[in-house]
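Colleague: What follows is each chain in one-letter form.
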Amino acid sequence: MDFVNAIILLLNYIFIPALTYGSQLALGAIFVTLIYGILRFANFATGDMMSFGTMATILFTWYFQSLGVSLGVLPTALLAIPFGIIFMIFYMLLIDKFVFKYYRNQKSPPVQFAMVSIGVMFVTQAVVRIIIGPGDRRFFDGEKFIIKAREFKEMTGLNEGLALKSTQVITIFVTIVLVSLLFWFLNRTKTGKSMKAYSDNEDLALLSGIDPKKIVLVTWVIAGILATIGGALYGLDKSFKPFTYFNNMLPIFAAAIVGGIGNPFGAFLGGYVIAFSEILLTYAYKKFFMYILPESMEPSSLVQLLSTDYKFAVSFSILVIVLIYRPSGIFKGKVL
Amino acid sequence: MMVLILMVGIFQSWNIALSIFNLCLISAVMTMGANIQWGYAGLINFGIMGYTALGGLAAVLISVDPVQEAWRAGGFDILMSLWLIVVMVLVIRFILKRFEKSKIRTYSIAAIIISGILLIRFSAEPGIEAIEAVDPAKTGFLGGFGLPIIFSWIVGALFAGGLAFIVGKVALGLRADYLAIATLLISEIVIAIIKHEDWLTRGVKNVIGLKRPAPYEVDLQTTDWFIKLVEKFNAGKLSVIENLADRQAALNQLVIEGSSVFVKLCYSGLFLVVVIILLILTQKALYSPWGRMMRAIRDNEEAANAMGKNVVKQHLLIFILGSAIVGIAGAMLVTQDGLFTPGSYRPMRYTFLIWVMVIVGGSGNNFGAILGGFVVWFLWIEAAPISLFLINFFTAGIPETNALKAHLIESVPYFRFLLMGLGLLFIMRYRPKGILPEKIEIK
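Residue numbers (the numbering used here), protein chains in the order written: chain A, 20 to 355; chain B, 1008 to 1450.
Keep in mind that the hints were calculated from the coordinates and are not lab data. C-beta atoms are modelled at their ideal positions from N, C-alpha and C, and glycine is treated no differently. Just to be clear, a hint being listed does not mean it is correct.
Said to hold, decoys possible - As a list, the in silico DSSO-like pairs of lysine-lysine whose alpha-carbon atoms are at most 27 angstroms apart: (1) LYS1316(B) - LYS1104(B); (2) LYS116(A) - LYS1440(B); (3) LYS212(A) - LYS120(A); (4) LYS260(A) - LYS184(A); (5) LYS1440(B) - LYS120(A); (6) LYS1202(B) - LYS305(A); (7) LYS184(A) - LYS163(A); (8) LYS305(A) - LYS330(A); (9) LYS126(A) - LYS1440(B); (10) LYS233(A) - LYS215(A); (11) LYS1412(B) - LYS260(A); (12) LYS215(A) - LYS232(A); (13) LYS209(A) - LYS120(A); (14) LYS1212(B) - LYS330(A); (15) LYS1202(B) - LYS257(A); (16) LYS233(A) - LYS209(A); (17) LYS167(A) - LYS305(A); (18) LYS233(A) - LYS120(A); (19) LYS126(A) - LYS209(A); (20) LYS330(A) - LYS1202(B); (21) LYS1202(B) - LYS260(A); (22) LYS126(A) - LYS1446(B); (23) LYS116(A) - LYS126(A); (24) LYS1212(B) - LYS260(A); (25) LYS330(A) - LYS1176(B); (26) LYS116(A) - LYS233(A).
What the hints assert, rightly or not - Negatives, chain A to chain B, calculated, CB over 10 angstroms: (27) SER85; (28) ASP160; (29) LYS172.
To be verified - Derived list of chain B stretches under chain A, where covered just means 3 residues or more per stretch with a C-beta under 8 angstroms from a C-beta of chain A: (30) 1185-1191; (31) 1359-1371; (32) 1415-1424.
Based on the provided sequences and hints, a complete structural model is requested.
Modeller: Take a look at the structure:
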């Protein structure tokens, strides 16, 4: 019985939260990696673009709520996400036309692109804060839990409860669907293949008649979808605050680089690598050992490798180690 | 630029004008540091925030009086852990030198690092807890050396340079945009450590009331010569007032205002000295053979390498120099504020804003860097009043109760981001070399 309790404990406090957080990171990381692979620059506006998409989703959610439209047990935001995506794509294309296109035509070095993306970051941040304000916003409605901890305890008679939030299930489900669709698109359709070709070798791709304008357009569209959904899922699960989104850019970058930048599948897994290592290394295992060890061997301390304050630092250290020893990432991406 | 600051002095108040001026000077120093790396050598360093914070930490460690009780409680454990770290580094160096590169070597080094960290954690834990338990509301940390805070400007540079040495060894081989990301993340790690190692820095509890190199306002207000000085300056204004009691009250008011202006002037003087010294040094460096070599490396690494220049070594050197200058600025900042708040170090303010200054001012030009520091900081501070004025101007016809107008006025503080972003984008597009572009005169 104790063993089952220990497993449930790990599931509840490590596995499910890490899987959810990892999914959110993974979507962002694929976004970074696509922009890097095809448009060839490190997009420092990632976090703020995600917060822009989330903001659009929140505005539509409020609009639907004021109309009285809802999805019953599901959050209204799911209904708003498609509209948020359209808004986001529109914004991204606007930025591309007025900002990035010029540098692409000039064939500027990646550093210049990165600098420009910092300008975009400032502007997006301002726009988001001016429209919706810098405060903390929760826009979740509908049923909050699928399984409550107390119900689970009563159902199974175990000591440990397993709480399953609906946002967690939605996040994981949506991520799986979205990522499978994306990989199907990249690997099976003609446009997807030409995107890969363009990413591999621009000149060869141009020679074989691939239209770069179309590739760029499709990339921004996919990026818009990923950014909005990733951001909205994070906001549903936790809450929406522009500053948090800006900070999330850093673990997202870490995930993309750890997975091998330019490689969407690597970025997808990188998200989970980062999320699991963050949570595994900062979790206090005292209770876990209390269940599986005999009473005489119970640990007195918290058995915590690092304090939770260092959560972010963990992912960054992993990134630094990867950069030193395997600069192309765990799964081979572009060589630096 | 000076005219603008003078205008603020006349229209808002001299106090505000001087505090803007002081921060402009500090920003100028930071920008010069970043400019050396980016403009001279083409190295991108997004870790400005980390070096600034280390400079601030130096200010704390130098100026605060040592907390004897804390040293007695846990000093021994901390020193032991320091020794352990030194031993660990030496062992790793020994292994690296002694054995050939192999998988076993890599794994054993990893094992040493992991077990070393665990060992240090366990040996330091009781000491850290004891230190943090010593009067946690006031101290709860080891304190510093109790020296004048001015020394910290040098020590801050050393700290930042030391960190830059480690970072440079690790990350300088990376391509430019990866270097940017890596330095950004490393600076976040530095901040995380400063925030959470309470025994060293008090963490988010902040250190307040640091010693000053300038006199205190309260002391000035009771000093005779200062009151006489204020009286002399304002003789015209005071002589108009007939009543003796009124005149005394007016004088007191003037003295209080004057004292804070005077203190700020003292800081301005100190900072100005630093800026001028750095400017002379960097200008000399720019035109020296060394500066020529740096530009050669920046413009064509392979050619410079072929000419027998050690590119890796020079990159590391300039990375350390630039970061050290940023460290000085960090220490200056804490000196001026008189307090150290690790929670306030955010990448937006201390990394990206400084980069806007570098790009806007003109990379590779020291005067450009100073100008960038002044212009951008001035706009950053004055953006809110300016945009408030503009909003009121353009919505003059709309009644005050209009929801849109109220919302816009409420979000005035965020227009500074918009201004910075648009400024950066326009400069990048239409004047990619900055306001004062790099200009090398061959004499």
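Colleague: Within a Cα-Cα threshold of 27 angstroms, do LYS1412(B) and LYS260(A) meet the stated pairing?
Modeller: Judged against 27 angstroms, a Cα distance of about 23 angstroms means the pair holds.
Colleague: Do the alpha carbons of LYS330(A) and LYS1176(B) lie within 27 angstroms of each other, as the hint requires?
Modeller: 25 angstroms, holds
Colleague: Would you mind confirming whether the straight-line C-alpha gap from LYS1202(B) to LYS305(A) stays at or under 27 angstroms?
Modeller: Roughly 25 angstroms between the alpha carbons, so the hint for LYS1202(B) and LYS305(A) holds.
Colleague: Below or equal to 27 angstroms on CA atoms is what counts here, so check LYS126(A) against LYS1440(B).
Modeller: Measuring from Cα to Cα gives roughly 17 angstroms; hence the hint holds.
Colleague: Three residues or more, CB to CB closer than 8 angstroms: is that satisfied between the region 1415-1424 of chain B and chain A?
Modeller: With 7 residues in contact (Cβ-Cβ under 8 angstroms with chain A), the coverage given for the region 1415-1424 of chain B holds.
Colleague: Mind checking the alpha carbons of LYS212(A) and LYS120(A) for me, to see if they're no more than 27 angstroms apart?
Modeller: At roughly 23 angstroms apart (the allowed maximum being 27 angstroms), LYS120(A) and LYS212(A) satisfy the hint.
Colleague: Given the hint that LYS330(A) pairs with LYS1202(B), does the C-alpha gap stay at or below 27 angstroms?
Modeller: With Cα atoms ~13 angstroms apart, LYS330(A) and LYS1202(B) stay inside 27 angstroms; holds.
Colleague: For a C-alpha distance cap of 27 angstroms, please report whether LYS209(A) and LYS120(A) respect it.
Modeller: 24 angstroms, holds
Colleague: What's the verdict on LYS215(A) and LYS232(A), does the C-alpha distance respect the 27 angstroms limit or exceed it?
Modeller: 15 angstroms, holds
Colleague: LYS1212(B) and LYS330(A): Cα distance at most 27 angstroms?
Modeller: Judged against 27 angstroms, a Cα distance of about 20 angstroms means the pair holds.
Colleague: Does LYS120(A) sit within 27 angstroms of LYS1440(B), going by the straight-line distance between their CA atoms?
Modeller: 19 angstroms, holds
Colleague: Hint check: LYS116(A) vs LYS233(A), CA-CA at most 27 angstroms. Holds or violated?
Modeller: 13 angstroms, holds
Violation of the numbered hints given earlier is absent; every hint is satisfied by the structure.
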